[in-house]
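There are 2 protein chains.
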Amino acid sequence: MGRLVMKFGGTSVANIDRIRNAARHVKREVDAGHDVAVVVSAMAGKTNELVEWCRDASPMHDAREYDAVVASGEQVTAGLLAIVLQGLGIQARSWQGWQIPIRTSDAHASARILEIDGADLINRFRERKEVAVIAGFQGINPQTGRITTLGRGGSDTTAVALAAALEADLCEIYTDVPGVFTADPRVVPTAHRIPRISFEEMLEIAATGGRVLSLRSVEFARNHHVPLLVRSSFTWEPGTVVTEEDPSMEQPVVSAVTHDTSQAKITLSGVADRPGIAAALFRHLADRSINVDMIVQNISHHGTTDISFTVPRDDVEASREVAASMLDTLGAAEVVTDEGVATVSLVGAGMKTHPGVTATMFETLAAEGINIEMISTSPIRISCMVRAEVAERAVQVLHGAFELDAPS
Amino acid sequence: MGRLVMKFGGTSVANIDRIRNAARHVKREVDAGHDVAVVVSAMAGKTNELVEWCRDASPMHDAREYDAVVASGEQVTAGLLAIVLQGLGIQARSWQGWQIPIRTSDAHASARILEIDGADLINRFRERKEVAVIAGFQGINPQTGRITTLGRGGSDTTAVALAAALEADLCEIYTDVPGVFTADPRVVPTAHRIPRISFEEMLEIAATGGRVLSLRSVEFARNHHVPLLVRSSFTWEPGTVVTEEDPSMEQPVVSAVTHDTSQAKITLSGVADRPGIAAALFRHLADRSINVDMIVQNISHHGTTDISFTVPRDDVEASREVAASMLDTLGAAEVVTDEGVATVSLVGAGMKTHPGVTATMFETLAAEGINIEMISTSPIRISCMVRAEVAERAVQVLHGAFELDAPS
Numbered sequence: 001m002g003r004l005v006m007k008f009g010g011t012s013v014a015n016i017d018r019i020r021n022a023a024r025h026v027k028r029e030v031d032a033g034h035d036v037a038v039v040v041s042a043m044a045g046k047t048n049e050l051v052e053w054c055r056d057a058s059p060m061h062d063a064r065e066y067d068a069v070v071a072s073g074e075q076v077t078a079g080l081l082a083i084v085l086q087g088l089g090i091q092a093r094s095w096q097g098w099q100i101p102i103r104t105s106d107a108h109a110s111a112r113i114l115e116i117d118g119a120d121l122i123n124r125f126r127e128r129k130e131v132a133v134i135a136g137f138q139g140i141n142p143q144t145g146r147i148t149t150l151g152r153g154g155s156d157t158t159a160v161a162l163a164a165a166l167e168a169d170l171c172e173i174y175t176d177v178p179g180v181f182t183a184d185p186r187v188v189p190t191a192h193r194i195p196r197i198s199f200e201e202m203l204e205i206a207a208t209g210g211r212v213l214s215l216r217s218v219e220f221a222r223n224h225h226v227p228l229l230v231r232s233s234f235t236w237e238p239g240t241v242v243t244e245e246d247p248s249m250e251q252p253v254v255s256a257v258t259h260d261t262s263q264a265k266i267t268l269s270g271v272a273d274r275p276g277i278a279a280a281l282f283r284h285l286a287d288r289s290i291n292v293d294m295i296v297q298n299i300s301h302h303g304t305t306d307i308s309f310t311v312p313r314d315d316v317e318a319s320r321e322v323a324a325s326m327l328d329t330l331g332a333a334e335v336v337t338d339e340g341v342a343t344v345s346l347v348g349a350g351m352k353t354h355p356g357v358t359a360t361m362f363e364t365l366a367a368e369g370i371n372i373e374m375i376s377t378s379p380i381r382i383s384c385m386v387r388a389e390v391a392e393r394a395v396q397v398l399h400g401a402f403e404l405d406a407p408s
Numbered sequence: 001m002g003r004l005v006m007k008f009g010g011t012s013v014a015n016i017d018r019i020r021n022a023a024r025h026v027k028r029e030v031d032a033g034h035d036v037a038v039v040v041s042a043m044a045g046k047t048n049e050l051v052e053w054c055r056d057a058s059p060m061h062d063a064r065e066y067d068a069v070v071a072s073g074e075q076v077t078a079g080l081l082a083i084v085l086q087g088l089g090i091q092a093r094s095w096q097g098w099q100i101p102i103r104t105s106d107a108h109a110s111a112r113i114l115e116i117d118g119a120d121l122i123n124r125f126r127e128r129k130e131v132a133v134i135a136g137f138q139g140i141n142p143q144t145g146r147i148t149t150l151g152r153g154g155s156d157t158t159a160v161a162l163a164a165a166l167e168a169d170l171c172e173i174y175t176d177v178p179g180v181f182t183a184d185p186r187v188v189p190t191a192h193r194i195p196r197i198s199f200e201e202m203l204e205i206a207a208t209g210g211r212v213l214s215l216r217s218v219e220f221a222r223n224h225h226v227p228l229l230v231r232s233s234f235t236w237e238p239g240t241v242v243t244e245e246d247p248s249m250e251q252p253v254v255s256a257v258t259h260d261t262s263q264a265k266i267t268l269s270g271v272a273d274r275p276g277i278a279a280a281l282f283r284h285l286a287d288r289s290i291n292v293d294m295i296v297q298n299i300s301h302h303g304t305t306d307i308s309f310t311v312p313r314d315d316v317e318a319s320r321e322v323a324a325s326m327l328d329t330l331g332a333a334e335v336v337t338d339e340g341v342a343t344v345s346l347v348g349a350g351m352k353t354h355p356g357v358t359a360t361m362f363e364t365l366a367a368e369g370i371n372i373e374m375i376s377t378s379p380i381r382i383s384c385m386v387r388a389e390v391a392e393r394a395v396q397v398l399h400g401a402f403e404l405d406a407p408s
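Chains as they are written, first to last, in the working numbering: chain A, 1 to 408; chain B, 1 to 408.
I should point out that these hints are in silico values taken from the structure, not numbers from a laboratory.
There could be a bad hint or two in this list.
To be verified - Here are some chain B residues pointing at chain A (derived, C-beta under 10 Å): (1) 15; (2) 19; (3) 53; (4) 78; (5) 82; (6) 88; (7) 99.
This one's a predicted model, so the numbers in the text were calculated from it and none came from an experiment.
All residues carry an ideal CB built from backbone N, CA and C; glycine is no exception.
From just these sequences and the hints, can you work out the full model?
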């Protein structure tokens with residue numbers, strides 16, 4: 001008998017039938033004798049509806065009121081799942097963030113979890129084997145007593161933080177796909193589920209286009225040593241375990257091929273090649289909360305250089321403004337934006353000990369006539385920027401070249 | 001400058017445009033210098049949707065979880081109205097029942113308000129002229145920390161209780177009609193708004209089919225001496241003041257003609273005419289929480305009698321079961337139910353000092369050929385049961401007979 005946190009995303013609780021289906025997964029674990037805490041998202045579409053109402057009420061809406069409105073979505077799902085579980089004869093009780101409490105920072109709409117008091121929930125496990133159904137995505141600001149929300153992907157973070165607070169043996173993330181795949185199966189039909197992957201690889205996958213888990217929840221899980229199991233709520237397949245790297249096992253050279261079409265490239269040409277120039281630019285972008293991913297600076301010709309960087313497509317206009325306002329400071333000639341790009345990445349813990357992956361990647365792309373516009377690497381990842389229209393082809397050929405098509 | 005509680009019902013906050021309209025009413029009072037607390041219902045239809053989900057999740061749903069789910073409707077409206085008010089440049093903050101707190105009994109789904117701590121809200125009036133926007137219909141069980149709801153009409157009760165706690169000068173109830181009318185204007189086109197009415201008359205109107213205010217909120221207002229103003233949120237008409245009877249003013253003999261088609265009649269025939277027989281029947285009905293309104297027992301023939309009573313139509317089946325199970329005990333022959341009835345009532349504080357109202361009522365109905373099946377009276381009300389199909393005609397002729405057609 002162990003202790004388990006089970007998290008169900010919006011599509012897994014989209015209506016009462018799906019909530020009933022989620023309840024059957026919970027019942028399986030309860031019947032196996034485990035202590036179970038369940039974290040739920042809002043029913044699919046509900047959060048967007050609530051956000052839309054807030055925007056409609058006022059474009060400059062107060063984040064404290066936004067949080068009070070938007071947190072209601074998870075509250076409804078938690079109550080409904082508790083009712084369904086009770087109907088199956090399982091002791092269950094719903095909990096909102098303020099009731100546990102889940103104490104957060106005061107950064108409304110993007111609060112950070114500071115502390116979760118799990119004592120009451122653990123007592124209820126012991127005394128009555130009661131399942132705790134927790135509204136994800138939310139907490140309370142202990143100074144003001146106001147509801148806070150954690151921002152997008154917040155329910156995953158709630159689940160992982162709760163698993164840490166309850167010293168759970170496992171945090172199961174139920175979603176609409178059966179695990180983490182070697183590539184997006186819609187792009188690569190031969191892609192297959194990865195049975196086990198390290199936190200580090202999962203972080204790189206999440207950062208380069210894999211949408212299964214939020215970056216933030218994986219970071220939290222790694223930092224707090226909470227093993228994750230990603231699986232589908234619609235099938236009973238075994239899913240993907242995300243856990244510490246096992247140094248005794250040989251790592252696959254490449255675990256997954258990811259792609260991301262949500263970024264855009266911005267290039268400043270004719271930038272004066274002086275120390276501190278790039279620093280000034282990226283400081284100004286950071287001040288606008290713009291998340292810069294890749295950065296490439298070409299070698300200097302005649303005392304000027306080009307700087308290219310990528311930003312989320314939503315931030316293109318703001319980034320262009322920042323760059324344009326600095327043309328004089330930078331001594332730059334012009335700003336060019338390019339939304340027709342995509343990044344294709346290889347992720348694999350084995351890369352650390354296998355030289356030649358980069359060469360194989362470039363050769364494979366070259367053989368297909370795919371041009372590489374930018375390159376960025378980490379010890380366990382290589383990302384190449386290519387034209388968006390050839391991104392899927394790039395993923396397909398790389399998936400084949402690194403022998404991911406065969407079941408592992 | 002005074003202190004005001006303003007309550008907006010579901011149709012008055014059914015969408016963002018209507019919430020904006022409600023906000024304009026609030027702004028008018030804020031601009032006049034008043035302290036303002038606003039109580040809101042859920043957007044029209046929202047509570048029914050949430051209730052439906054709970055029923056769908058399990059027919060025997062736990063009332064504590066039902067409350068957690070259903071209370072979310074008012075929470076959303078409160079946040080949205082606070083956002084809209086802020087957009088108009090008004091300091092505003094939303095409050096849920098547990099935040100104030102509004103402490104209630106532990107009767108989940110039909111809790112009673114025990115205590116409202118208004119100190120923090122009053123401080124915020126004083127220190128920053130901040131409008132409090134309060135989610136109606138809900139509170140917290142102080143023993144368990146769980147959300148409770150007050151049952152149907154609960155937001156009116158929240159408003160009145162809050163007005164008492166804040167020692168407000170007036171509690172304004174904004175709804176979709178411009179006040180309390182001498183009869184339902186859909187039935188009597190010449191019916192007109194009553195500018196001022198006593199709590200006692202309002203109680204009788206609410207109890208006999210007037211749907212504008214819930215019986216419970218009027219009782220609370222009378223007991224706590226909170227004057228009410230019922231008005232439309234869609235027009236700027238002056239509405240109806242509900243307040244203490246003014247003994248110095250002459251009362252109209254009849255203030256309003258009401259009708260109610262939501263009741264059914266149940267008759268037990270051949271009941272043994274012995275002491276305690278009727279008591280046993282009505283005790284059993286009360287044990288099933290069935291609200292009996294009129295009761296008539298005919299004079300005895302040969303040691304048996306007939307007992308007729310009315311119950312809400314939703315309770316007909318349960319009442320029939322109770323009565324049928326007692327046929328032996330009662331020595332009764334049979335149970336007959338009749339859903340084709342309606343009650344028509346005259347309400348007026350002046351009846352106390354004007355004999356002859358009953359006679360005029362009966363004569364008026366007789367002249368129209370309308371048969372009276374049962375009669376029930378209070379010092380300021382006379383109710384007659386008639387066939388449902390002639391109820392509207394009865395209202396029309398009584399409205400004319402008591403000279404209510406002319407503006408008062």
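Those earlier numbered hints the structure runs against, lowest number first: none
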